[in-house]
Amino acid sequence: MQTKSVVAEDLGGIVGKENVREATAEDTIDGVEPSLVVEPGSVEEIGAVMKLASREGLAVSPRGGGTKAGWGAPPRALDLVLSMARMDEITEHVPGDQIVRTQSGVKFGALQEKLAEANQMLALDPPEKDATVGGVVAANSSGPRRYKYGTVRDLIIGITVVLADGTIAKAGGKVVKNVAGYDLSKLFTGSFGTLGVIADANFRLHPRPEAVRTVAVEVESPQAARDAAQAIVHSQVEATAVELHWGEETKLVSVLLESIPDGIGAKEEAASFLLKSFGKERTLDEEADDLRPPSTDSAGYEVDIKIGAPPAELTSVLDSILNAAERRGATVSMTGHAGSGVTYAGLSGEEDDLVGLVEEVREIRTRSGGSVIVRRAPASFKDKVDVWGPAGDYLGLTRRVKEKFDPGYFMNPGRFIGGI
Amino acid sequence: MDRGRLIETMQEILGPQGVIYEREQLRTYECDGLMNYRVIPELVVLPESAEHVQKIVQTCYDEGIPFVARGSGTGLSGGALPVESGVLIVLSRMRKILEVDLENQRIVVEPGVINIWVSQEVADEGYYYAPDPASQIVSSIGGNLAENSGGVHCLKYGFTTNHVMGAEVVLPDGSIVHIGGGMVPDAPGYELLGAFVGSEGTLGIATKITLRLVRKPEAVRTLLAAFTDTEEAGGAVSGIIGAGIVPAAIEMMDALTIEAVEKQVAPGFPEAGALLIVELDGPEAEVASQFDQVIEVCQENEASEIRVAEDDEERALFWKGRKAAFGAMGSISNDYYVQDGVVPRTELGTVLKRISDLSNDYQLRVANVFHAGDGNLHPLVLYDNDVPGEAEKAEELAGDIVFVCLEHGGSLTGEHGIGQDKKKYMPKMFTTDDMDVMQLLRCAFDPHQICNPGKIFPTPRLCGERPGPFHMHPVQKAGLAENF
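Chains as they are written, first to last, in the working numbering: chain X, 47 to 466; chain L, 309 to 792.
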């Protein structure tokens with residue numbers, strides 16, 4: 047590798063001097079500080095930057111809003127942060143076709159605002175407010191509405207990527223129905239920047255709901271929470287989200303309903319009828335954002351984990367975490383997409399206790415085919431616990447895919463499952 | 309390994325009933341639903357378990373013998389076309405429904421299970437399997453997975469890829485992997501399942517498939533609306549979508565299709581230049597209100613007749629007419645070529661006009677039947693094989709039609725796949741780099757290129773090192789990281 051200043055100069059030659067800077071403490075990922083930050087302005091510039099980076103043997107980390115920079119395992123190496131901040135153009139929005147094409151640096155909120163002008167939305171509601179489109183895709187971020195609309199993989203219809211060697215390739219297209227070629231859009235979803243840079247992405251859109259309401263019930267036990275969620279899931283209500291909130295004070299199962307003005311009343315009535323046998327009814331505001339009561343915001347906790355389990359196993363999921371926490375004197379607060387089998391837990395307590403807690407819960411879940419992923423934790427915690435946990439028998443295949451796309455391990459080395 | 313030894317080896321794995329090697333019997337399998345291409349395989353094997361498939365594939369891998377998987381053989385792009393001197397692995401004996409988990413709304417099936425069986429299995433409990441390709445009474449779940457089959461209800465419910473939650477896969481090297489979480493969401497790692505579904509049998513063979521079950525809706529309303537021409541019907545489609553309604557299905561048939569369908573199955577469709585079938589489902593109150601809105605939109609677009617299905621029987625009749633459309637062409641033409649292309653919905657009118665012009669230029673009739681909601685066209689090019697040169701002309705016209713789709717921002721195929729049939733067109737939609745990068749995935753799954761070789765890509769790429777510079781990362785060079 048040439049000296050930093052020579053590399054910076056070469057990068058400046060590609061993207062313009064003003065778009066290359068020395069990294070600062072703010073660019074650090076899990077304690078690893080990069081040398082340089084580069085902001086390309088076009089897919090061609092990304093290609094040229096990657097070509098240079100791989101020639102110089104630089105470890106590259108693509109970055110959108112940086113909201114999930116703390117996710118994943120600590121980088122094994124980090125030289126260059128590739129910021130997508132200048133790739134912020136919504137390329138094409140065709141309301142009649144219900145599709146949008148966008149560069150990956152577009153802020154997710156800005157995209158939704160633009161789509162709302164045509165009364166449409168990208169039916170994803172990741173909790174990270176300042177996330178970019180590319181970040182949401184790369185981290186496969188999702189929110190409550192996944193129960194009805196699915197996750198990124200279900201809504202992405204096309205992608206342009208740049209590989210470590212600078213190759214620019216696209217897959218999919220701008221029509222919703224399309225089976226031509228391999229679906230690389232899905233492959234790159236959740237790939238954590240380890241296969242290449244996501245330069246832009248195309249999505250199918252949905253009409254914004256005309257009427258939205260939330261009904262909720264206070265539950266007293268994990269079993270009641272599970273039963274309430276199951277009652278909605280197995281009904282014909284067609285709920286949009288079935289959420290769990292398990293804070294110290296408030297324990298709720300809430301159901302987000304979307305419909306037309308003529309239909310929302312009946313939906314609300316049906317959902318209320320189903321829920322009321324599991325506890326006391328609660329009224330929440332209409333806005334989906336209010337689905338998360340402040341007491342369950344886990345931002346203040348030390349470790350955030352994400353648990354995947356079959357939805358009907360919710361009782362066991364909650365019990366195992368609560369028991370493990372109680373025995374260790376740890377504090378726990380949970381939210382979850384109860385209809386989809388996803389539970390998030392925010393944990394606080396002594397580090398060693400939390401390490402034991404996560405390992406215990408992981409063992410229980412893994413035994414029944416589930417998973418426990420550490421999402422946010424101090425670097426010292428990540429040294430003790432594998433962020434991703436054990437992969438299944440597909441790890442070898444996963445590694446072969448990685449090695450075809452990025453044989454030199456330049457892209458976000460070390461941050462993904464199995465040391466990828 | 310010579311042929312005799314190969315037959316013996318397969319018989320050892322499968323028993324004598326599981327191997328077909330007589331030439332006349334092999335002929336049964338020379339093509340799939342696309343009959344323009346025919347190849348007689350070296351032999352056909354009929355595994356009854358994942359273990360069988362694993363052993364067959366292992367043998368092929370060890371001996372460097374290409375293989376092709378086949379379900380019910382209803383595919384329309386030649387995806388299950390055998391390879392000469394290769395083994396055809398027919399999965400129609402793997403037809404067990406292995407597990408029904410209603411609590412988690414999942415069902416686990418073997419690949420040979422017929423699509424409709426899945427819905428039948430859980431119908432009494434109020435559930436069904438949403439993807440419903442027109443072939444659903446014969447096509448297999450394994451084949452649906454390979455092709456990422458669509459269906460008439462995918463506008464609201466999505467495609468096969470949105471309903472396959474997990475798969476046990478025999479990889480081309482004979483190893484078995486489980487991809488996708490199955491009952492569990494968000495399995496850590498790459499979205500390998502999303503890449504596998506729709507890979508047209510080129511990445512491995514699914515031996516166990518976990519599907520999502522959908523709760524039956526409270527209400528279903530279906531109507532048939534007649535219009536003077538496809539343009540007016542198209543106006544109604546835009547009106548419905550523009551009103552923010554997401555119908556379960558919107559299907560369109562043009563005059564020629566209606567004529568053929570009437571001759572074949574006589575559903576009693578009104579005479580019209582174009583027909584729409586619109587179906588809404590969901591909670592009663594929502595459906596009732598939006599259904600009125602759909603009727604209004606159809607009236608505003610000069611519908612000459614609107615017929616609302618009074619009961620399940622009448623609804624079934626509407627759908628019988630629609631689903632019979634391809635086969636019905638036999639009643640108005642000796643031969644026909646089924647095309648499958650996609651255009652952005654807003655381009656439908658323009659594209660239909662261009663198809664009509666092409667039909668005039670070529671002096672061949674084209675019937676149009678399509679999933680109007682998602683812009684997926686199925687132009688049926690009618691021709692007579694007995695007229696010299698007409699088959700070639702029909703294929704050329706069908707090709708021109710997909711080029712028009714591409715020009716208008718669409719795709720080569722919405723649900724039938726690229727397979728053997730359209731690989732020559734792939735460079736019209738994708739650059740060499742695009743296809744090379746797709747084939748990196750292929751190389752990760754199938755480094756020896758023995759799994760359904762020769763499909764999808766016009767120029768298979770070798771799976772050696774990628775051209776271009778390769779540098780070992782400094783961390784690796786310094787011995788600080790483990791062996792990659």
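Treat the hints as calculated values from the structure; they're not laboratory data. A few of these clues could be false.
[To be verified] Which chain L residues stay away from chain X? Per the calculated CB distances, all over 10 angstroms, these:
{"hint": "1", "residue": "Leu-334"}
{"hint": "2", "residue": "Val-446"}
{"hint": "3", "residue": "Cys-462"}
{"hint": "4", "residue": "Glu-526"}
{"hint": "5", "residue": "Gln-757"}
[Claimed, not checked] Computed list of lysine-lysine pairs in DSS-like fashion (alpha-carbon distance at most 30 angstroms, straight line):
{"hint": "6", "chain 1": "X", "residue 1": "Lys-160", "chain 2": "X", "residue 2": "Lys-97"}
{"hint": "7", "chain 1": "X", "residue 1": "Lys-322", "chain 2": "L", "residue 2": "Lys-571"}
{"hint": "8", "chain 1": "X", "residue 1": "Lys-175", "chain 2": "X", "residue 2": "Lys-114"}
{"hint": "9", "chain 1": "X", "residue 1": "Lys-352", "chain 2": "X", "residue 2": "Lys-194"}
{"hint": "10", "chain 1": "L", "residue 1": "Lys-628", "chain 2": "X", "residue 2": "Lys-175"}
{"hint": "11", "chain 1": "X", "residue 1": "Lys-430", "chain 2": "X", "residue 2": "Lys-326"}
{"hint": "12", "chain 1": "X", "residue 1": "Lys-114", "chain 2": "X", "residue 2": "Lys-430"}
{"hint": "13", "chain 1": "X", "residue 1": "Lys-97", "chain 2": "X", "residue 2": "Lys-114"}
{"hint": "14", "chain 1": "L", "residue 1": "Lys-731", "chain 2": "X", "residue 2": "Lys-194"}
{"hint": "15", "chain 1": "L", "residue 1": "Lys-404", "chain 2": "L", "residue 2": "Lys-363"}
{"hint": "16", "chain 1": "X", "residue 1": "Lys-153", "chain 2": "L", "residue 2": "Lys-701"}
{"hint": "17", "chain 1": "X", "residue 1": "Lys-97", "chain 2": "X", "residue 2": "Lys-194"}
{"hint": "18", "chain 1": "X", "residue 1": "Lys-114", "chain 2": "X", "residue 2": "Lys-322"}
{"hint": "19", "chain 1": "L", "residue 1": "Lys-363", "chain 2": "L", "residue 2": "Lys-464"}
{"hint": "20", "chain 1": "X", "residue 1": "Lys-194", "chain 2": "X", "residue 2": "Lys-50"}
{"hint": "21", "chain 1": "X", "residue 1": "Lys-326", "chain 2": "X", "residue 2": "Lys-352"}
{"hint": "22", "chain 1": "X", "residue 1": "Lys-114", "chain 2": "X", "residue 2": "Lys-428"}
{"hint": "23", "chain 1": "L", "residue 1": "Lys-404", "chain 2": "L", "residue 2": "Lys-571"}
{"hint": "24", "chain 1": "X", "residue 1": "Lys-160", "chain 2": "L", "residue 2": "Lys-732"}
{"hint": "25", "chain 1": "L", "residue 1": "Lys-701", "chain 2": "L", "residue 2": "Lys-731"}
{"hint": "26", "chain 1": "X", "residue 1": "Lys-97", "chain 2": "L", "residue 2": "Lys-363"}
{"hint": "27", "chain 1": "L", "residue 1": "Lys-628", "chain 2": "L", "residue 2": "Lys-661"}
{"hint": "28", "chain 1": "L", "residue 1": "Lys-524", "chain 2": "X", "residue 2": "Lys-194"}
{"hint": "29", "chain 1": "L", "residue 1": "Lys-524", "chain 2": "X", "residue 2": "Lys-326"}
[As the list claims (entries may be wrong)] Over the 10 angstroms line for every Cβ pair with chain L, so calculated as not near, a few chain X residues:
{"hint": "30", "residue": "Lys-153"}
{"hint": "31", "residue": "Thr-296"}
{"hint": "32", "residue": "Asp-308"}
{"hint": "33", "residue": "Ser-386"}
{"hint": "34", "residue": "Gly-387"}
{"hint": "35", "residue": "Gly-416"}
{"hint": "36", "residue": "Ser-426"}
Glycine included, every Cβ here is placed at the ideal spot set by N, Cα and C.
Here is how each hint holds up against the structure:
Distance to chain X confirms Leu-334 (chain L) as a non-interface residue, since its nearest Cβ pair spans about 29 angstroms, more than 10 angstroms. No beta-carbon of chain X comes within 10 angstroms of the beta-carbon of Val-446 (chain L); the shortest separation is about 20 angstroms. Interface exclusion of Cys-462 (chain L) from chain X breaks down, the closest Cβ pair being 7 angstroms apart, not more than 10 angstroms. Annotated as non-interface, Glu-526 (chain L) brings its C-beta within 10 angstroms of a C-beta of chain X; the closest such distance is 4 angstroms.
For Gln-757 (chain L), the non-interface assignment is confirmed: its Cβ lies about 13 angstroms from the closest Cβ of chain X, beyond the 10 angstroms cut-off. Distance hint between Lys-160 (chain X) and Lys-97 (chain X) is unfulfilled; the C-alpha atoms sit about 34 angstroms from each other, more than 30 angstroms. For the hint pairing Lys-322 (chain X) with Lys-571 (chain L), the CA-to-CA distance comes to about 55 angstroms; that exceeds 30 angstroms, so the pair is violated. A threshold of 30 angstroms between alpha carbons decides the hint, and for Lys-175 (chain X) with Lys-114 (chain X) the separation of about 11 angstroms falls inside it, so the pair holds.
Distance check on the hinted pair: Lys-352 (chain X) and Lys-194 (chain X) sit about 20 angstroms apart at the alpha-carbon level, within 30 angstroms; holds. A threshold of 30 angstroms between alpha carbons decides the hint, and for Lys-628 (chain L) with Lys-175 (chain X) the separation of about 48 angstroms lies outside it, so the pair is violated. Taking the CA atoms of Lys-430 (chain X) and Lys-326 (chain X), the gap is near 42 angstroms; set against the 30 angstroms cutoff, the hint is violated. With a CA separation close to 20 angstroms, the supplied pair Lys-114 (chain X) and Lys-430 (chain X) stays within the 30 angstroms bound.
A hinted pair counts as satisfied when its Cα atoms are at most 30 angstroms apart, and Lys-97 (chain X) with Lys-114 (chain X) qualifies at roughly 26 angstroms. As the CA atoms of Lys-731 (chain L) and Lys-194 (chain X) are separated by approximately 35 angstroms, the hinted pair breaks the 30 angstroms bound. Between Lys-404 (chain L) and Lys-363 (chain L) the CA atoms are separated by roughly 19 angstroms; this keeps the pair inside 30 angstroms, and the hint holds. As the CA atoms of Lys-153 (chain X) and Lys-701 (chain L) are separated by approximately 50 angstroms, the hinted pair breaks the 30 angstroms bound.
At most 30 angstroms may separate the alpha-carbon atoms for a hinted pair to count; Lys-97 (chain X) and Lys-194 (chain X) exceed this at roughly 41 angstroms. This hinted pair does not check out: Lys-114 (chain X) and Lys-322 (chain X) have alpha carbons roughly 38 angstroms apart, beyond 30 angstroms. Using a Cα cut-off of 30 angstroms, the hinted pair Lys-363 (chain L) and Lys-464 (chain L) is violated, with the two alpha carbons roughly 40 angstroms apart. Taking the CA atoms of Lys-194 (chain X) and Lys-50 (chain X), the gap is near 49 angstroms; set against the 30 angstroms cutoff, the hint is violated.
Taking the CA atoms of Lys-326 (chain X) and Lys-352 (chain X), the gap is about 28 angstroms. The hint holds against a cut of 30 angstroms. Proposed proximity of Lys-114 (chain X) and Lys-428 (chain X) is supported: the alpha carbons are some 15 angstroms apart, at most 30 angstroms. For the hint pairing Lys-404 (chain L) with Lys-571 (chain L), the CA-to-CA distance comes to about 38 angstroms; that exceeds 30 angstroms, so the pair is violated. About 39 angstroms separates the Cα atoms of Lys-160 (chain X) and Lys-732 (chain L), which puts this hinted pair outside 30 angstroms; it is violated.
For the hint linking Lys-701 (chain L) to Lys-731 (chain L), the alpha-carbon distance of about 19 angstroms falls within 30 angstroms, and the restraint holds. For the hint pairing Lys-97 (chain X) with Lys-363 (chain L), the CA-to-CA distance comes to about 43 angstroms; that exceeds 30 angstroms, so the pair is violated. Only pairs whose Cα atoms come within 30 angstroms are accepted, and Lys-628 (chain L) paired with Lys-661 (chain L) is accepted, the gap being roughly 27 angstroms. Restraint check: the Cα-Cα separation between Lys-524 (chain L) and Lys-194 (chain X) comes to about 15 angstroms, which is no more than 30 angstroms; the hinted pair holds.
With a CA separation close to 29 angstroms, the supplied pair Lys-524 (chain L) and Lys-326 (chain X) stays within the 30 angstroms bound. Distance to chain L confirms Lys-153 (chain X) as a non-interface residue, since its nearest Cβ pair spans about 24 angstroms, more than 10 angstroms. With a cut of 10 angstroms on Cβ distances, Thr-296 (chain X) stays outside the contact zone with chain L, its closest approach being about 25 angstroms. A beta-carbon of chain L comes within 10 angstroms of the beta-carbon of Asp-308 (chain X); the shortest separation is about 4 angstroms.
At roughly 5 angstroms, the least C-beta separation between Ser-386 (chain X) and chain L is not larger than 10 angstroms, which violates its mark as non-interface. A Cβ of chain L approaches the Cβ of Gly-387 (chain X) within 10 angstroms, the least distance being about 5 angstroms, so the stated non-interface status is violated. Taking the minimum C-beta to C-beta distance to chain L, about 5 angstroms, the non-interface status of Gly-416 (chain X) is violated against the 10 angstroms cut. The Cβ of Ser-426 (chain X) lies farther than 10 angstroms from every Cβ of chain L, with a closest approach of about 20 angstroms, so its non-interface assignment holds.
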